[in-house]
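Trainee: The primary structure of each chain is shown beneath.
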Amino acid sequence: MATEIVIPKLGMTMEKAKVVEWSAQEGDWIEEGQAVLVIETEKVTHEVEALASGFLHILLGPGTEAAVGEAVGLLAESKEELSALQAERPAAEGAGGPSEAAASASTKPSPESAGAKPGGGSDRKIKISPAARKIARAHNLDIALIQGTGPGGRIKKEDVEKFLEQGGKPAATEAPVPSEDTWDGEVVDGKRVKASLPLAGIRGAVAEHMHRSLAVSAQLTTMGEFDATELVRLRQSLVEKEAELGVRISYTDIMVYALARALKKNPIINSSIVGDAVKLWEDIHIGVAVSLQWEEYDAGLIVVVVKHADRKSLVEISRAIKDLKTKAREGRIGLDEVTGGTFTLSNVGVFGQGYTFSTPVINQPESAILGIGGILDRPVVVEGEIVVRKIMNFNLTFDHRVINGGPAGKFLNDLGELVSNPYLLLVP
Amino acid sequence: MKFEKEDLVKLYRNLVRTRAFDEAAVRWLAQGKLLAFYHPAQGGEAPGVGGCTFLRDDDIVYPHLRGHGLPHMIGKGISPKLYLAEHCGKATGAAGGMGGFHSVFPEKGALGAGGTIGSCFPVSVGWALAAKKNGRGQVVVCFFGDGSANRGTWHEAANMAALWKLPVVWVCENNGVAQFVPIEDAYPLEDLSNLASAFGMPAVVVDGQDVMAVAEAVTAAVERAREGKGPSFVECKTARFGPHGIGNPDKVHGKDRDPRQIEELKRRDPVALFRSRLLEQGVLTEEDAERISREAEAEVAETEAFIDQSPFPDDPGMLDRALYAE
Amino acid sequence: MRELMYLQAINEALAEELERDEKVFLIGEGVQTGTFGTTTGLVDRFGPERIMDSPLSETAIAGVAVGASMLGYRPVADLMFADFMYVCADEIFLKAAQWRFMHGGLQTLPCVFMANIGAYRKLGNEHSQCPFSLVLRSPGLKLAAPSDPYDAKGLLKTAIRDNNPVVYFFHKGLLGMSGPVPEEDYTIPFGQAVVRREGDDVTVVAPSFMGFWAIAAAEELKDRFSVEVIDPRTLEPLDLDTILVSVRKTGHLVILDEDTERCGFAAELAMQVMEKAFDDLDAPIKRVCAANYPIPGGVMEKYVIPQPEQVMAAIEEVMA
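Protein chains in written order, with this note's numbering: chain Z, 1 to 428; chain C, 1 to 326; chain V, 1 to 320.
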């Protein structure tokens, strides 16, 4: 009896995944536990291991989507069984594909052929020496862009060094800008295309998610200022104690800590619409938007989730966020670490001091998201005097289907009190 | 050599102790206490005990495999305690639990015994050459079986020892069967002592069940070697009461050994023979003999307790310390 | 500095150690005469008791070395040809190598087995081998393989003074090679490789006679590649550090080994480098060894044993 290879459920909200790449070919013998398939959800890519040994029969090829639990391949116990299965349902297109694609890519590795690789980001089929790979990793280079001059197109150390000398950019972009007549790249609507980023993976997920969020909810953004003078002082004293604490406390950390307390007092903000009811969550899981590393033209966005933020100490929150960020940037983050949030914080202040206002888009199915900007010295009037205070701008986007202006204002007042007088954080 | 009464008692005591420890080893192997395998000495104790009991402490012996060297080491005055603890794999063993059945006790001339039968000859020549060079009058006594005598190593080593008049005595424990092959089907002549004549070595054939005959012959050969007159050969016609090793069938050429032949052999049990002779001669009384047996059993019991209380080695650092010398 | 031939350096090392320590003696077939000149004349100085002509009995010669070393002597057993080690395998590989260990470290076995190695003389399968791997797969033994007169003397003196069994392989192709040898007493510590030629592009590890060709190839290719040549001098203990430092610099490694390729020193070293410096390799490691055949007699030898062109080709290949 053949064993099915199914799309595993990697998280509570996961419903489907895309087949990115088969790590073996149609008919190959697969050992139990062998990684056989790479799938991609909205949030992460994941390697699927075979649950039994057998000859591989591929049902769905790269690029196709399948629901959780759906069989995308079969493991036949014998060659005979494999033939029977193949007769019943032919192998998917590209089932013998990955290594053929790699062979052609390696004989003539060019940005074009590399771009055609399944999944876009995988570099496992490119021939590269260990020494060259080490340098490429250290400089965060996309090795698909490097021309290999070794035997069989293997990228050598020298090739990477040359690539770096040329500014680490593909040779094509170094060339003088050709005229429209000589442009051999893509032209769309009469405009020359510099690069084409597929709406797939994280980019695709963000696009789809943001659009859907605006389409399904009634979003309203309230903006204002918090006096963060004391918050700055508090943070400064915590930074001075970095050695004792073992972590460097950031504004984001303190804000998550404060938000958890404010949300506890304002359950309506910590809620979701499920079916025809608004569910107020007992659990407080605060998402923190994280910008991923820059690749050539883009930096990805991912929201990591600090679970039970209300039960964590400030140091625990700080550690959790740092750990999740590292995992996200190294591509090791699990689906459960980026889903299940009940509220999201987006600190645009990290992009620079001038970033004060934004209109954050709600991370569905949550009901609100708080954007905060950089803290700036601003003249304010206190008791009739103009004084300089540290001001933090806030931007709360909330779903007006769930939250009215009153509850939103109360929540902001509670939060503002904690920000302007952070000593209240000592009170449970 | 003139044996005094105490010499005879010592010889008897060593014979009884050897038998007691040999039986204990068989028991311990069955209990899983003694590791690896065991080739009992029963019936063949006299050559080792007789050949070793009157050696000097600094004389060197290469034990034969029967009894895994127990007759030789007991004869040599080495306590079986450390050897058997070693054989049981304990950290208190003579080699710290690294050696297994290798018999080693350098202070009293036990420098090891290999697992490849017949490798005793070349190494013994090396010891004998060192003994000759150092001029301390040490003698090497190499014990081997009829099977070992079939190895080519014999010829190279015997030639070299005879050529250079090295102080080595070759004691052949001929029990008539090498594992499953009778010696008459492995050597064309009646006596293995013929192996000495090619190298001009004196050779003597003795009753290997008579521990005194063995002691006398080996002692004479050792004295000759000590005087610088070179090697000689003592063939002891001895017996094997049971199978080659515990777990081996007791067969020759694929057929069971004749039970009548074994009965015949057992009538000439070296321990019983010597006991009745000493009783007859009035060297021992029945009470003396009983006491010696009881003492041997007590020594076995004490040894067993020591082994039981000893830990197994568990220090991988030992591997590096033992592999290369500084 | 005065120059000596390789064989004279060996002879001088023996003489100095025999002089220095009365526990040292030499045993072997015809050592008083000296098949290769390495032991010639020593009997006149030290007498037949210490320069022992033995019967043609390799097993007993090796056994004597083992036995005498256990009692405090420092025998040097001259086995003439390394191929003859198969005749006394029990004594060398089971006794010398393992008895100290089996006896829980109670014994020391300070003996030296010296023998010549190497082909290129059309001597056929039983007088041409270079059995490094035979020795290396026996933990408990050390293995020295000098490639010039200076090392021949220094390594032999160290071997004799070492408290462990040492296999000392001298190469028949180097016997007449001359080189500087100091008159004063010196030894070469085991486990210290030497960089014979510095370079930046490719590391060539070449023990014993193979160093000759490594240098020749480096010279031949010098306009194209800067070749670093390392002589390990002792294969056990092996100075892996020096090799790793070089590989980390060059990223390319070629290993020369006159022994049969299969399961040989080159395979072992390549694996160790992969384990320790995988990320520094810029190309797959290449080895040049004797092909997996017995060594034929006569002119057919050249198709089996390593040839200089193969060394050049291997360097070019890793640098491609």
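Heads up, a few of these hints could be off.
Computed beta-carbon distance windows for the label pairs [as the list claims (entries may be wrong)]:
#1 C:Val181 - V:Asp279: 39 to 47 angstroms
#2 V:Gln307 - Z:Asn140: 56 to 64 angstroms
#3 C:Pro182 - V:Pro237: 43 to 51 angstroms
#4 Z:Gly152 - V:Asp279: 16 to 24 angstroms
#5 V:Glu49 - C:Lys2: 32 to 40 angstroms
#6 Z:Leu51 - C:Gly254: 49 to 57 angstroms
#7 V:Val195 - C:Phe180: 56 to 64 angstroms
#8 V:Glu49 - C:Glu107: 23 to 31 angstroms
#9 Z:Leu51 - C:Phe180: 17 to 25 angstroms
#10 V:Val195 - Z:Gly152: 27 to 35 angstroms
What the hints contain is simulated information worked out from the structure, not anything from laboratory work.
Beta carbons: idealized from backbone N, C-alpha and C, even for Gly.
Trainee: So which of the earlier hints does this model not fit?
Mentor: 1, 2 and 9
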